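> Read off the chains here:
There are 2 protein chains.
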Amino acid sequence: MPGHFTFYSDKIENNVAYFSEQETKHAILVLRYKIGDLIEFTSGDGIYYFGKIVEIQKKSFLASVESFKELPQRNFVLAVGILKSSDRMEWLVEKCSEIGVKQLVFLKSQNGERSKINIEKLKKTAIAAMKQSHSAWLMDIQEDSFENAINRNQENKYIAYCNSDIAQSHPLKFGDDSIVFIGPEGDFSLSEIDLAKSHGFQVIGLGSQILRTETAAIVCASWSLS
Amino acid sequence: MPGHFTFYSDKIENNVAYFSEQETKHAILVLRYKIGDLIEFTSGDGIYYFGKIVEIQKKSFLASVESFKELPQRNFVLAVGILKSSDRMEWLVEKCSEIGVKQLVFLKSQNGERSKINIEKLKKTAIAAMKQSHSAWLMDIQEDSFENAINRNQENKYIAYCNSDIAQSHPLKFGDDSIVFIGPEGDFSLSEIDLAKSHGFQVIGLGSQILRTETAAIVCASWSLS
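Sequence order for the protein chains is A and B.
With the working numbering applied, the first sequence corresponds to residues 1 to 226, in that order.
With the working numbering applied, the second sequence corresponds to residues 1 to 226, in that order.
There's no promise every hint is true.
Identical chains share a label here; the pair holds if one copy fits it or two copies do between them.
Pairs of lysine-lysine residues, derived as DSSO-like cross-links and limited to a Cα-Cα distance of at most 30 Å, are as follows [said to hold, decoys possible]:
id, residue 1, residue 2
1, 173, 25
2, 84, 25
3, 25, 197
4, 34, 173
5, 34, 58
6, 123, 84
The hints are simulated quantities; they were obtained by calculation from the structure and are not laboratory data.
Model, not experiment: these values are computed from the prediction.
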């Protein structure tokens with residue numbers, strides 16, 4: 001009997017879960033699960049299932065739902081300037097997923113990189129991280145403009161800014177219903193800061209250290225944990 | 001005149017800083033610094049120097065010390081189980097350096113990986129991260145056994161443990177004079193937890209999420225920031 005794994009199913013209907021070719025490779029060929037074996041899975045919607053393998057085909061397998069538990073959802077959103085390095089974006093997605101960020105928005109901002117973002121590839125990384133940490137919430141990944149993103153209606157809105165003259169000190173902990181904006185390597189422009197303030201954002205500093213964009217994002221994600 | 005860079009010198013004597021072949025390549029060949037140019041540098045001992053380039057040789061250059069500032073040192077130490085992936089260790093070193101961890105100890109523990117650690121390579125990563133974040137403190141990197149490491153005398157000692165029956169909740173913030181132990185993928189053994197407790201360590205959990213070793217380490221490093 002294999003060890004403790006969580007599998008991803010994008011189709012769970014009438015108490016039957018269907019698994020993709022990739023999940024089938026891992027479960028059946030690599031881990032050698034057999035019919036009747038107990039298996040844990042989720043589709044990333046907050047429900048963690050316990051089931052039994054009932055059918056194995058060449059490129060897919062099916063599991064029955066025996067029981068399930070609902071995992072509480074957190075409501076912490078990070079909006080981060082697009083990075084030059086796709087590796088660092090991959091890494092950011094993995095870490096935010098593990099920590100339990102609800103949504104990660106890659107921001108097109110004035111001083112930001114113009115890199116193309118492969119949302120599909122990043123979503124695969126988020127699924128892998130969700131499985132790895134036995135979670136049942138798949139982090140949502142989006143790309144959005146700064147002007148759109150500031151219209152979101154979280155209760156607590158923060159925007160990080162390096163200019164310590166403007167920035168107030170950060171709270172020790174972000175309330176759960178919070179959104180935090182992290183600038184690109186070139187930081188936000190003053191007009192973006194003013195626009196955010198006019199939308200109820202509090203300008204915060206992240207301490208004396210100079211952090212890379214993805215590091216600042218992880219630090220803020222960590223401050224959302226309780 | 002090039003942009004804002006911090007260079008590393010491992011020899012500063014009588015108000016003259018000497019730079020390695022690698023730093024010379026970067027400063028003179030890539031960034032095209034010239035004699036008389038202003039330059040910022042550190043040797044990682046907490047002093048951030050402002051100087052002028054006074055001599056350029058083929059494989060080295062010299063700068064005069066014109067002024068300097070001392071940066072406050074923090075005293076937060078992380079002791080982390082050795083990871084299987086050297087990439088993840090590299091990454092951990094970069095992030096801990098940026099956040100300002102004083103010392104990162106890679107722990108040889110009972111359930112840990114037996115991977116070989118290339119301290120010299122990791123130190124290069126720490127130097128690059130220090131330069132990148134314009135800091136003047138070079139993070140110290142060590143390898144140590146669990147049994148030795150628990151004898152360190154920080155004021156606040158914490159050991160993270162996944163078993164929530166034993167672990168108490170974590171403090172929202174680690175005082176500066178703290179050491180935090182993070183287990184390997186296989187977590188600490190019960191005997192290690194007991195040994196740590198007998199040495200004044202407080203057993204803490206890191207929340208409901210299941211975090212990779214390096215993620216747990218970064219989360220704790222973030223909680224050391226104020």
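> So, for every hint listed, does it hold in this structure?
For each hint, the structure was consulted:
1. 173 x 25: Neither way: residue 173 and residue 25 sit 42 Å apart in one copy and 43 Å across, limit 30 Å.
2. 84 x 25: between (33 Å within a copy, 24 Å between copies)
3. 25 x 197: Neither way: residue 25 and residue 197 sit 50 Å apart in one copy and 44 Å across, limit 30 Å.
4. 34 x 173: neither (46 Å within a copy, 47 Å between copies)
5. 34 x 58: Classified as within: same-chain Cα gap 13 Å, cross-chain 66 Å, threshold 30 Å.
6. 123 x 84: both (18 Å within a copy, 25 Å between copies)
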